[in-house]
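K.L.:
Chain A is already provided as a structure; the job is to place chain B on it using the hints.
Number of protein chains: 2
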Amino acid sequence: MSLSRPNELEPLESLSMTDRVENILREYFADNGFKPGDQLPNEIEISQKLNVSRNVVREALSRLRMLGMVEARPRRGMTMAQPDLLAGIEKVMNPFILSQDNLKDIFEMRLILEMGIAEFLFARKNKKDLDALEEIVNKQKGLTTLTKEDEVAFHGKLYEMTGNETFTRFQSLLLPVFDHVFKSYYQVGEKDKQKIKDPVSHFDLFMILKKGTPEEFRKAMHKHLGVYYDTINKR
Amino acid sequence: MSLSRPNELEPLESLSMTDRVENILREYFADNGFKPGDQLPNEIEISQKLNVSRNVVREALSRLRMLGMVEARPRRGMTMAQPDLLAGIEKVMNPFILSQDNLKDIFEMRLILEMGIAEFLFARKNKKDLDALEEIVNKQKGLTTLTKEDEVAFHGKLYEMTGNETFTRFQSLLLPVFDHVFKSYYQVGEKDKQKIKDPVSHFDLFMILKKGTPEEFRKAMHKHLGVYYDTINKR
Numbered sequence: 060m061s062l063s064r065p066n067e068l069e070p071l072e073s074l075s076m077t078d079r080v081e082n083i084l085r086e087y088f089a090d091n092g093f094k095p096g097d098q099l100p101n102e103i104e105i106s107q108k109l110n111v112s113r114n115v116v117r118e119a120l121s122r123l124r125m126l127g128m129v130e131a132r133p134r135r136g137m138t139m140a141q142p143d144l145l146a147g148i149e150k151v152m153n154p155f156i157l158s159q160d161n162l163k164d165i166f167e168m169r170l171i172l173e174m175g176i177a178e179f180l181f182a183r184k185n186k187k188d189l190d191a192l193e194e195i196v197n198k199q200k201g202l203t204t205l206t207k208e209d210e211v212a213f214h215g216k217l218y219e220m221t222g223n224e225t226f227t228r229f230q231s232l233l234l235p236v237f238d239h240v241f242k243s244y245y246q247v248g249e250k251d252k253q254k255i256k257d258p259v260s261h262f263d264l265f266m267i268l269k270k271g272t273p274e275e276f277r278k279a280m281h282k283h284l285g286v287y288y289d290t291i292n293k294r
Numbered sequence: 060m061s062l063s064r065p066n067e068l069e070p071l072e073s074l075s076m077t078d079r080v081e082n083i084l085r086e087y088f089a090d091n092g093f094k095p096g097d098q099l100p101n102e103i104e105i106s107q108k109l110n111v112s113r114n115v116v117r118e119a120l121s122r123l124r125m126l127g128m129v130e131a132r133p134r135r136g137m138t139m140a141q142p143d144l145l146a147g148i149e150k151v152m153n154p155f156i157l158s159q160d161n162l163k164d165i166f167e168m169r170l171i172l173e174m175g176i177a178e179f180l181f182a183r184k185n186k187k188d189l190d191a192l193e194e195i196v197n198k199q200k201g202l203t204t205l206t207k208e209d210e211v212a213f214h215g216k217l218y219e220m221t222g223n224e225t226f227t228r229f230q231s232l233l234l235p236v237f238d239h240v241f242k243s244y245y246q247v248g249e250k251d252k253q254k255i256k257d258p259v260s261h262f263d264l265f266m267i268l269k270k271g272t273p274e275e276f277r278k279a280m281h282k283h284l285g286v287y288y289d290t291i292n293k294r
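These protein sequence lines map, in sequence, to chains A and B. Using my numbering, the letters of the first sequence correspond one by one to residues 60 to 294. Using my numbering, the letters of the second sequence correspond one by one to residues 60 to 294.
Looking at chain A on its own, in the form it has when it is part of the complex:
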């Protein structure tokens, strides 16, 4: 390990000692094929080899621990762990601190993802899931306006039915922001939503998922999210 080759190409002044030690450690683990369960060098060894204070090493390891990349095991000390892929995103997913560009990006990503799941839904749907989805849409049948909870119940169930846990969790992180962004940045309101002729309901989507094809499902989903898709223009 050496302090003279940081990961990023940034002027050394703008990276703190902790940033640099963190980068070096991650690079060191990757270069030396560290795998979950492998024991790390201890704090004293690291600080001696890098010639930095133990406080700096402790701060850097603390960051890696937050990401789930390392963990403290009884009797073994610090070991490599399996990181939590979405830990970082989850912690910063606050509409009031994210930039406007980030928020618009997240808004669009929800649309991109919702159009892309059809194949997975059809490949993995089963009776149990369809019954649960049917129960959700039956409760909503006939309602003229849906609450945020209604939307989350239906779309959240679809995400779950993809059988992809990371995707499900990722979309669940995006969904609360989606609403905020739509209201804040796109001057479209409830009346615009009501102007759509032959709107596609959650019940319609359920029936297509039960008996239709991925293509029909996608066409219907596109119509269902029509008022959002209409906001897509040059950026």
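Where hints are given, some of them may not hold.
Pairs of lysine to aspartate or glutamate, DMTMM-like flavour, derived with a Cα cap of 20 angstroms [claimed, not checked]:
id, chain 1, residue 1, chain 2, residue 2
1, B, Lys282, A, Glu194
2, B, Lys270, B, Glu193
3, A, Lys282, B, Asp188
4, A, Lys278, B, Asp188
5, B, Lys278, A, Asp188
6, B, Lys278, A, Glu178
7, B, Lys94, A, Asp188
8, A, Lys256, A, Glu275
9, A, Lys278, B, Glu178
10, B, Lys278, A, Glu274
11, A, Lys94, A, Asp143
12, B, Lys94, A, Asp160
13, A, Lys278, B, Glu219
14, B, Lys278, B, Asp263
15, B, Lys198, B, Glu219
16, B, Lys282, B, Asp188
17, A, Lys94, A, Glu130
18, A, Lys216, A, Asp263
19, A, Lys282, B, Asp263
20, A, Lys282, B, Glu274
21, A, Lys184, B, Asp289
22, B, Lys216, B, Asp190
23, A, Lys94, B, Glu149
24, A, Lys242, A, Asp263
25, A, Lys270, A, Asp289
26, B, Lys184, B, Asp263
27, B, Lys269, B, Asp188
28, B, Lys198, B, Glu210
Incomplete in silico selection of chain A near chain B, CB under 7 angstroms [said to hold, decoys possible]:
id, residue
29, Met76
30, Asn91
31, Met125
For each label pair, taking beta carbons as the anchor points, the in silico distance ranges come out as [what the hints assert, rightly or not]:
id, chain 1, residue 1, chain 2, residue 2, range
32, B, Arg183, A, Gly285, 30 to 40 angstroms
33, A, Ser158, B, Leu232, 32 to 42 angstroms
34, B, Gln98, A, Glu275, 46 to 56 angstroms
35, A, Glu194, B, Arg132, 46 to 56 angstroms
36, A, Asp257, B, Met76, 36 to 46 angstroms
37, A, Pro95, B, Tyr245, 36 to 46 angstroms
38, A, Asp190, B, Glu86, 30 to 40 angstroms
39, A, Asp257, B, Leu232, 37 to 47 angstroms
40, B, Lys108, A, Glu102, 24 to 34 angstroms
These are computed hints drawn from the structure, not numbers from a lab. Ideal Cβ positions, reconstructed from N, Cα and C, are used throughout, including at glycine.
P.N.:
Then chain B, alone, in the frame of chain A:
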């Protein structure tokens, strides 16, 4: 601020002091509407109010700094900043430490995203981008096998053409892992790829993007990624 109400429902023993202070700070910022530029209470004040050591506060703030959520400004001290949404993911995107489930999830997410971008590509394509894409596919025309760099050049250009920076960066993070996962977990090889009749090439996709419809593009992309889609089954 108080130490008695942590964010997560976990036995107090499994959260370190740093974890708890980190959670409390994030909650405190959200509850009090802290926005980028707002000055934080200083380290001493935080450690006094929470009745924890300054080292613990420093570690917690260090984590938030890594996420881009706070930054040190000359003469102002620590202030709220606009976080980097993908900072956490970028740091842990190492196939050797991610779990098998996470890796398969990421593999599938690339497929989901690639099927979902058609609307954005067609809404935002312009002459400059299409010319650049044409140059890429012309270089590849007639090649019997494509290198990893060829794939990244083409698909990377498509991601860029969505006009969504977070998406572009996200997909670029997933792409290197994609290859690794496919080779490691799905016993499909080059010969299976060559068994596909009427394969859809990058050039074909380019022509459809230039002159076709989002639906045609998606059908073609589905066929282009056919060997990967065939791996989708119950999990």
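K.L.:
For each hint, tell me whether it holds in the structure or not.
P.N.:
Hints and how they fare:
no. : hint                                     : verdict
1   : Lys282/B to Glu194/A                     : violated (35 angstroms)
2   : Lys270/B to Glu193/B                     : holds (13 angstroms)
3   : Lys282/A to Asp188/B                     : violated (28 angstroms)
4   : Lys278/A to Asp188/B                     : violated (27 angstroms)
5   : Lys278/B to Asp188/A                     : violated (27 angstroms)
6   : Lys278/B to Glu178/A                     : holds (12 angstroms)
7   : Lys94/B to Asp188/A                      : violated (41 angstroms)
8   : Lys256/A to Glu275/A                     : holds (18 angstroms)
9   : Lys278/A to Glu178/B                     : holds (12 angstroms)
10  : Lys278/B to Glu274/A                     : holds (9 angstroms)
11  : Lys94/A to Asp143/A                      : holds (14 angstroms)
12  : Lys94/B to Asp160/A                      : holds (15 angstroms)
13  : Lys278/A to Glu219/B                     : violated (25 angstroms)
14  : Lys278/B to Asp263/B                     : holds (12 angstroms)
15  : Lys198/B to Glu219/B                     : holds (19 angstroms)
16  : Lys282/B to Asp188/B                     : violated (23 angstroms)
17  : Lys94/A to Glu130/A                      : holds (12 angstroms)
18  : Lys216/A to Asp263/A                     : holds (15 angstroms)
19  : Lys282/A to Asp263/B                     : violated (27 angstroms)
20  : Lys282/A to Glu274/B                     : holds (14 angstroms)
21  : Lys184/A to Asp289/B                     : holds (16 angstroms)
22  : Lys216/B to Asp190/B                     : holds (11 angstroms)
23  : Lys94/A to Glu149/B                      : holds (17 angstroms)
24  : Lys242/A to Asp263/A                     : violated (26 angstroms)
25  : Lys270/A to Asp289/A                     : violated (28 angstroms)
26  : Lys184/B to Asp263/B                     : holds (16 angstroms)
27  : Lys269/B to Asp188/B                     : holds (10 angstroms)
28  : Lys198/B to Glu210/B                     : holds (12 angstroms)
29  : Met76                                    : violated (10 angstroms)
30  : Asn91                                    : violated (10 angstroms)
31  : Met125                                   : holds (5 angstroms)
32  : Arg183/B to Gly285/A: 30 to 40 angstroms : violated (18 angstroms)
33  : Ser158/A to Leu232/B: 32 to 42 angstroms : violated (19 angstroms)
34  : Gln98/B to Glu275/A: 46 to 56 angstroms  : holds (54 angstroms)
35  : Glu194/A to Arg132/B: 46 to 56 angstroms : holds (53 angstroms)
36  : Asp257/A to Met76/B: 36 to 46 angstroms  : violated (58 angstroms)
37  : Pro95/A to Tyr245/B: 36 to 46 angstroms  : violated (22 angstroms)
38  : Asp190/A to Glu86/B: 30 to 40 angstroms  : holds (38 angstroms)
39  : Asp257/A to Leu232/B: 37 to 47 angstroms : holds (40 angstroms)
40  : Lys108/B to Glu102/A: 24 to 34 angstroms : holds (28 angstroms)
In this structure, the earlier hints numbered 1, 3, 4, 5, 7, 13, 16, 19, 24, 25, 29, 30, 32, 33, 36 and 37 are contradicted, and the remaining ones agree with it.
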